[in-house]
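Peer 1: Model the full assembly from the supplied sequences, consistent with the hints where possible.
Position 64 of the sequence shown, counted from 1, bears residue number 1339 in the numbering used here, the numbering being contiguous throughout.
Certain hints may be false.
[Claimed, not checked] Pairs of lysine to aspartate or glutamate residues, derived as DMTMM-like cross-links and limited to a Cα-Cα distance of at most 20 Å, are as follows:
#	residue 1	residue 2
1	K1309	D1320
2	K1310	D1320
3	K1300	E1311
[Unchecked claim] Okay, the calculated beta carbon distance ranges per label pair:
#	residue 1	residue 2	range
4	V1288	A1330	46 to 56 Å
5	I1282	K1303	14 to 24 Å
6	A1343	Q1307	51 to 61 Å
7	A1322	A1284	36 to 46 Å
8	A1302	A1330	48 to 58 Å
9	K1297	A1330	41 to 51 Å
None of these hints come from the bench; they were simulated from the model. Virtual Cβ for every residue (Gly too), placed ideally from N, Cα, C.
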Amino acid sequence: MFSPMEIAAVVGVAILLFGADKLPKLAKSAGQAKKEFMIGQAEADVAAERAREEARRQANASADAAAAAPPVTPAATAEVPPPATVTTSAAPPHAS
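Peer 2: Structure follows, in structure tokens:
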């Protein structure tokens, strides 16, 4: 990945920029930051899994409730009163 010469150059530049006494502190703080990041990521993964499980439970509950509900009768099968009969006279209307 990196050659030993490149790594030595990066370390040398870091010593020049920060000083030899600051490098261990920087490495320690970088390690702590990584640890905190990993902990936060694990907590977010757990929270996401809980949310997925809750959504699955709600979906299953609503599917079970829909399956257990009595069937709905369509409006076409409901009783409809017979149509009113209309009588017409056989004679045409007279003009006056």
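Peer 1: If a hint holds in the structure, say so; if it doesn't, say that too.
Peer 2: Structure-based check of all given hints:
1. K1309 to D1320: holds, 16 Å
2. K1310 to D1320: Judged against 20 Å, a Cα distance of about 15 Å means the pair holds.
3. K1300 to E1311: Holds - the C-alpha atoms of E1311 and K1300 are around 17 Å apart, at most 20 Å.
4. V1288 to A1330: 46 to 56 Å: holds, 50 Å
5. I1282 to K1303: 14 to 24 Å: Since I1282 and K1303 have Cβ atoms about 20 Å apart, the given range 14 to 24 Å holds.
6. A1343 to Q1307: 51 to 61 Å: holds, 54 Å
7. A1322 to A1284: 36 to 46 Å: holds, 43 Å
8. A1302 to A1330: 48 to 58 Å: violated, 42 Å
9. K1297 to A1330: 41 to 51 Å: holds, 49 Å
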